[in-house]
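Starting from the given sequences, assemble the full structure and let the hints guide the process.
Each chain, letter by letter, is given below.
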Amino acid sequence: MEPPDEALVASVLDGERDLFGELVGRYQGRLVNYLFRMLQNEEDAHDLAQEVFLKIYDALDRFDSRFRFSTWLFRVAQNAAIDQIRKRRLKLVSIHRPDDEEGGGGEWELPGNEPTPYQDARNVERGAAIREAIEELPWEYKELITLRHYAELSYDEIATLKQMPLGTVKNKLFRGRQMLKEKLGDYLTD
Amino acid sequence: MKTTANTMPNIATLSEWLDWDLDDELGGAEKAHLEAQLESSSELRCERRTLAALHAALEEGRIPVQPQFHARVMASLPVAAWEAQRFPAWALPLAVMLLFALGAVLTLGSAGHLVTEGPVVGTVVMVVDFLGATTMAGAGLVAASWQGLGLGLEEFIAESGLNLLGLATLVVFVNLLFLSMLRRPKAVRAAEREER
Chain A
1 MEPPDEALVA
11 SVLDGERDLF
21 GELVGRYQGR
31 LVNYLFRMLQ
41 NEEDAHDLAQ
51 EVFLKIYDAL
61 DRFDSRFRFS
71 TWLFRVAQNA
81 AIDQIRKRRL
91 KLVSIHRPDD
101 EEGGGGEWEL
111 PGNEPTPYQD
121 ARNVERGAAI
131 REAIEELPWE
141 YKELITLRHY
151 AELSYDEIAT
161 LKQMPLGTVK
171 NKLFRGRQML
181 KEKLGDYLTD
Chain B
1 MKTTANTMPN
11 IATLSEWLDW
21 DLDDELGGAE
31 KAHLEAQLES
41 SSELRCERRT
51 LAALHAALEE
61 GRIPVQPQFH
71 ARVMASLPVA
81 AWEAQRFPAW
91 ALPLAVMLLF
101 ALGAVLTLGS
111 AGHLVTEGPV
121 VGTVVMVVDF
131 LGATTMAGAG
141 LVAASWQGLG
151 LGLEEFIAES
161 GLNLLGLATL
171 VVFVNLLFLS
181 MLRRPKAVRA
191 AEREER
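Note that the protein sequences, when read in sequence, are chains A and B. Take the first sequence: its position 65, counting from 1, is numbered 65 in the working numbering, and each next residue is one higher. Take the second sequence: its position 152, counting from 1, is numbered 152 in the working numbering, and each next residue is one higher.
None of these hints come from the bench; they were simulated from the model. Since the structure is predicted, the reported quantities are computational estimates derived from the model, not experimental observations. Any given hint might turn out to be false.
Each computed DSS-like pair below joins lysine-lysine, with the alpha-carbon atoms no more than 27 Å apart [said to hold, decoys possible]:
(1) A:K183 / A:K170
(2) A:K87 / A:K55
(3) B:K31 / A:K170
(4) A:K162 / A:K87
(5) A:K142 / A:K172
(6) A:K87 / B:K31
(7) A:K162 / A:K181
(8) B:K31 / A:K172
(9) A:K172 / A:K183
Okay, structure coming up:
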């Protein structure tokens with residue numbers, strides 16, 4: 001059975017530095033994907049995820065074991081992402097290339113894994129539609145959807161992180177998904 | 001909307017339950033109720049399929065972590081401030097005290113008669129004697145100063161009732177000051193936690 005996060009933190013503070021790698025391994029996927037959703041750039045997401053892990057390591061002695069490590073990690077990540085967005089004044093990335101680029105305008109090529117060319121094209125279109133639909137959500141709903149589906153936090157963890165009642169988290173997630181369902185319509189019935 | 005076992009939840013509530021169930025966040029009683037409704041309602045089953053497709057679609061957009069990411073993070077870990085404070089706080093003062101004791105022994109205890117059973121044992125005996133003597137001297141000084149302070153205070157209070165009042169006020173204010181100094185670190189820690 002895997003040791004809990006809090007036990008790993010205690011071991012790292014006792015001098016077992018390598019065990020921090022265990023924590024990195026557990027959370028790198030979720031953290032990178034959460035930051036990718038926030039920053040819309042893969043390189044930036046990896047760079048910021050690295051920064052977040054280093055900040056966490058530096059502040060490890062201040063971790064309060066009464067709270068979950070995941071909540072603390074994603075609170076730091078959320079603040080870092082918001083700072084980054086403010087600094088860079090991020091624009092939404094269009095899925096269409098500008099017309100003056102070589103080769104003319106068109107959609108970004110995105111990976112698909114379906115056997116037929118039609119299904120390939122349909123998947124690309126669907127992926128882009130999903131990304132756009134999430135981006136168009138009001139911020140409060142987009143944030144909760146991102147925390148649930150990309151940071152993979154439970155409803156309890158989200159409620160603790162956002163300092164929101166559990167009922168509010170549940171209702172907002174439901175409403176956010178209803179909005180996505182309306183936008184994505186046909187893509188969900190294929 | 002709160003429902004009981006005897007109240008039929010409406011379609012809006014059932015849709016919410018479907019959504020939360022797909023996240024494994026639906027309670028036992030509500031889950032059982034939902035399963036019963038699903039068996040009898042094709043509309044609800046269709047809604048479930050659509051919501052399940054949405055949940056799956058949201059998971060599809062995940063990106064892989066770069067293969068060298070983990071190694072990059074571990075290689076760039078800083079030497080944290082807490083790593084430098086590995087030794088307990090009392091270690092340094094104890095080491096300094098022992099050093100002084102040793103110095104005292106070497107400079108003051110060089111007379112042959114103080115070494116009883118060899119230099120090592122003699123040194124230990126000297127250190128113990130030195131510590132004992134300083135403790136006695138220190139205790140004596142403290143006792144003498146408290147007695148002197150007590151006599152002085154007695155005289156001061158006996159002079160006038162106002163003096164007693166003034167002294168009592170001073171004691172109260174000093175205690176309040178100490179209390180506020182004790183509370184300040186707790187407030188700082190609480191603020192740090194909130195910030196985090």
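Each hint, compared with the structure:
Straight-line distance between C-alpha atoms of K183 (chain A) and K170 (chain A) comes to about 20 Å, which keeps the hinted pair within the 27 Å bound. At roughly 19 Å between alpha-carbon atoms, K87 (chain A) and K55 (chain A) fall within 27 Å of each other, so this suggested pair holds. For a cut-off of 27 Å, the pair hint linking K31 (chain B) to K170 (chain A) stands: about 15 Å separates their Cα positions. For the proposed pair K162 (chain A) and K87 (chain A), the alpha carbon gap of about 22 Å is at most 27 Å, so the pair holds.
The hinted pair formed by K142 (chain A) and K172 (chain A) meets the criterion: a straight-line CA distance of about 10 Å does not exceed 27 Å. Restraint check: the Cα-Cα separation between K87 (chain A) and K31 (chain B) comes to about 45 Å, which exceeds 27 Å; the hinted pair is violated. At roughly 24 Å between alpha-carbon atoms, K162 (chain A) and K181 (chain A) fall within 27 Å of each other, so this suggested pair holds. A hinted pair counts as satisfied when its Cα atoms are at most 27 Å apart, and K31 (chain B) with K172 (chain A) qualifies at roughly 20 Å.
Between K172 (chain A) and K183 (chain A), the direct Cα distance comes to roughly 17 Å. Compliance with the 27 Å bound is thereby established for this hinted pair.
Hint 6 from the earlier list is the only one contradicted by this structure; the remaining hints agree with it.
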